[in-house]
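Number of protein chains: 2
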Amino acid sequence: MPQKKPLILVTNDDGITAPGIRALIEVMNTIGEVYVVAPDSPQSATGHAITINDTLYCDKLKVHEGEVQKEYSCSGTPVDSVKLAINEILKRKPDLCVSGVNHGSNSSINVIYSGTMSAAVEAGTLGIPAIGFSLLDYSWDADFEPCKPFIEKLAKQCLQNGLPKGVVLNVNIPKLSSSELKGIKVCRQANAHWEENFDKRVNPLGREYYWLTGEFVNEDKGEDTDEWALANGYVSVVPVQFDLTAHHAIKDINTWELQ
Amino acid sequence: MPQKKPLILVTNDDGITAPGIRALIEVMNTIGEVYVVAPDSPQSATGHAITINDTLYCDKLKVHEGEVQKEYSCSGTPVDSVKLAINEILKRKPDLCVSGVNHGSNSSINVIYSGTMSAAVEAGTLGIPAIGFSLLDYSWDADFEPCKPFIEKLAKQCLQNGLPKGVVLNVNIPKLSSSELKGIKVCRQANAHWEENFDKRVNPLGREYYWLTGEFVNEDKGEDTDEWALANGYVSVVPVQFDLTAHHAIKDINTWELQ
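Chains E and D, in that order, are what the protein sequence lines are.
First residue of the first sequence: 1, per this note's numbering; consecutive thereafter.
First residue of the second sequence: 1, per this note's numbering; consecutive thereafter.
Each hint should be verified, as a subset may be incorrect.
The list makes no distinction among identical chains, and a pair is therefore deemed to hold if it is satisfied within one copy or across any two copies.
Subject to a maximum C-alpha distance of 20 angstroms in a straight line, what follows is the list of computed SDA-like cross-link-like pairs (lysine to any residue) [to be verified]:
id: 1; residue 1: Lys165; residue 2: His247
id: 2; residue 1: Lys60; residue 2: Arg22
id: 3; residue 1: Lys60; residue 2: Lys221
id: 4; residue 1: Lys60; residue 2: Asp199
id: 5; residue 1: Lys148; residue 2: Glu223
id: 6; residue 1: Lys153; residue 2: Ser73
id: 7; residue 1: Lys221; residue 2: His193
id: 8; residue 1: Lys60; residue 2: Lys200
id: 9; residue 1: Lys165; residue 2: Glu195
id: 10; residue 1: Lys153; residue 2: Gly183
id: 11; residue 1: Lys165; residue 2: Gly127
id: 12; residue 1: Lys251; residue 2: Gly166
id: 13; residue 1: Lys91; residue 2: Glu195
id: 14; residue 1: Lys60; residue 2: Lys182
id: 15; residue 1: Lys60; residue 2: Trp211
id: 16; residue 1: Lys5; residue 2: Gln160
id: 17; residue 1: Lys153; residue 2: Leu163
id: 18; residue 1: Lys153; residue 2: Glu67
id: 19; residue 1: Lys251; residue 2: Asn161
id: 20; residue 1: Lys156; residue 2: Asp54
id: 21; residue 1: Lys91; residue 2: Ile31
id: 22; residue 1: Lys165; residue 2: Asn254
id: 23; residue 1: Lys165; residue 2: Ser75
Keep in mind that the hints were calculated from the coordinates and are not lab data.
Values in this document were obtained by computation on a predicted structure and should not be read as measured data.
Make a model of the complete structure from these sequences and hints.
Structure below.
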């Protein structure tokens, strides 16, 4: 851990007033100097979207009186918030970026849709150690208390040890009580996907429209996966990379008739 | 290549009327039976965003008279378009999904921001061989003619050979004439990032706002990278995976004091 108080950037995708980010801020205030730069409205499932054709507002505010952190709400996406924080708000590069706590799972393939994780990944591309936290409870009044000791431990270990270059952490926490949570498992992302099931309706003007719904399908029974860990009472930690190259496939594609 | 005419899904992120998707449709019409399901408006840099809090419209249309493909415009993102196509529009799972041709580069780290590539990745998660194509020219009247032979070759090779499980292709094409283009190189994603430079302004009501601008910084001089290939006149092909696990980092994180 750095000798001086670490500088910590907190963001999320559920919006700056979400209970999940309040839990995260509370823990970070015990560890370092905290800046919050987060979307002014919910941005779930925005993935790695950025705002290039519209303006961005970023306003200083105080969500609750008496809290010590500095807070800014951003009109853009989670990734916009991280970019603005690093380039316009923070006085120096932070020692850690934490995102969440997300209301709902970002395990397995959900990592690619997740605004929470995209914010962490963006910080990672800028060389900042970063962790995304998610609780497997979509409810707005989810109980974040059991998460706090795990968040504290992981943030402190990350500050102390750093992260390998090009890697951020995807942390998911089961919806269990403190006594039921068994500990932490470092895992790989389970091989899973979503099978959609659109709900087709007709609007009052007679035009058809859809609601996206879907079913999560886990094809992977491996006991080294995040899905296994979560189903068995463990907090899952998946190291996530943003070099998306499938290095093993380069040889295969080179056998094609390409010239 | 399948004996019967392959079924091909075409999508993009620049919107269904963009010149780039017209070039892609033209080539695909020579290879198979083509369905186009693409956003009704530009969706650049939407990443892997999906629409979960709003309705989706999907309307059959004909962009140009006399063209043979079936076309649908979708009110959502590129990923929504792929989900809708597979689940509601196409009669069976397509043999190939192609996305693009994007107006502008999606090489290197741009893959994580790209709606074009997210559409291809989404198809990949559903087990469909998929390729995203991008031309290094942001102009709306870019010349897509030199791209066409490469698009045809890669699509046909993909139909013939298939792709390794969990892999899609990210194809970028330099802005060069046919005689200048040197061929195809299979590459890894260069290690690069964006350094932002926000343009801060004041609106007529006196409120500060920002435009996101940035500079692409390539820290990677490797001759096996997409950036090297593109700078040297080659079409770059990067196999991209959506298992984001940094497998090499699991051992590192397991040395932390986590229990």
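Verification of the hints:
1. Lys165 x His247: Both: 17 angstroms inside a copy, 13 angstroms across copies.
2. Lys60 x Arg22: Answer is within; shortest intra-copy Cα gap is 16 angstroms, inter-copy 45 angstroms.
3. Lys60 x Lys221: Neither. Shortest intra-copy (46 angstroms) and inter-copy (41 angstroms) distances fail the 20 angstroms Cα cut-off.
4. Lys60 x Asp199: Cα proximity of Lys60 and Asp199: across copies only (18 angstroms, versus 40 angstroms in one copy).
5. Lys148 x Glu223: Answer is neither: 25 angstroms inside a copy and 46 angstroms across each miss the 20 angstroms cutoff.
6. Lys153 x Ser73: Neither. Shortest intra-copy (27 angstroms) and inter-copy (48 angstroms) distances fail the 20 angstroms Cα cut-off.
7. Lys221 x His193: within (14 angstroms within a copy, 35 angstroms between copies)
8. Lys60 x Lys200: Between. Shortest inter-copy distance 15 angstroms satisfies the 20 angstroms Cα cut-off; intra-copy 42 angstroms does not.
9. Lys165 x Glu195: between (34 angstroms within a copy, 17 angstroms between copies)
10. Lys153 x Gly183: Within one copy, since 11 angstroms is at most 20 angstroms while 51 angstroms is not.
11. Lys165 x Gly127: Answer is within; shortest intra-copy Cα gap is 7 angstroms, inter-copy 31 angstroms.
12. Lys251 x Gly166: Answer is between: at 15 angstroms across copies they meet the 20 angstroms cutoff, but 23 angstroms inside does not.
13. Lys91 x Glu195: between (45 angstroms within a copy, 16 angstroms between copies)
14. Lys60 x Lys182: neither (39 angstroms within a copy, 52 angstroms between copies)
15. Lys60 x Trp211: Close across copies (18 angstroms), not inside one copy (35 angstroms); limit 20 angstroms.
16. Lys5 x Gln160: within (12 angstroms within a copy, 58 angstroms between copies)
17. Lys153 x Leu163: Intra 15 angstroms, inter 41 angstroms, cutoff 20 angstroms: intra-copy only.
18. Lys153 x Glu67: Classified as neither; 22 angstroms inside a copy, 60 angstroms across copies.
19. Lys251 x Asn161: For Lys251 and Asn161, the Cα distance is within 20 angstroms only across copies (13 angstroms; inside one copy 35 angstroms).
20. Lys156 x Asp54: neither (37 angstroms within a copy, 39 angstroms between copies)
21. Lys91 x Ile31: Within one copy, since 18 angstroms is at most 20 angstroms while 55 angstroms is not.
22. Lys165 x Asn254: For Lys165 and Asn254, the Cα distance is within 20 angstroms only across copies (16 angstroms; inside one copy 28 angstroms).
23. Lys165 x Ser75: neither (30 angstroms within a copy, 38 angstroms between copies)
In this structure, the hints that do not hold are numbers 3, 5, 6, 14, 18, 20, 23, in rising order.
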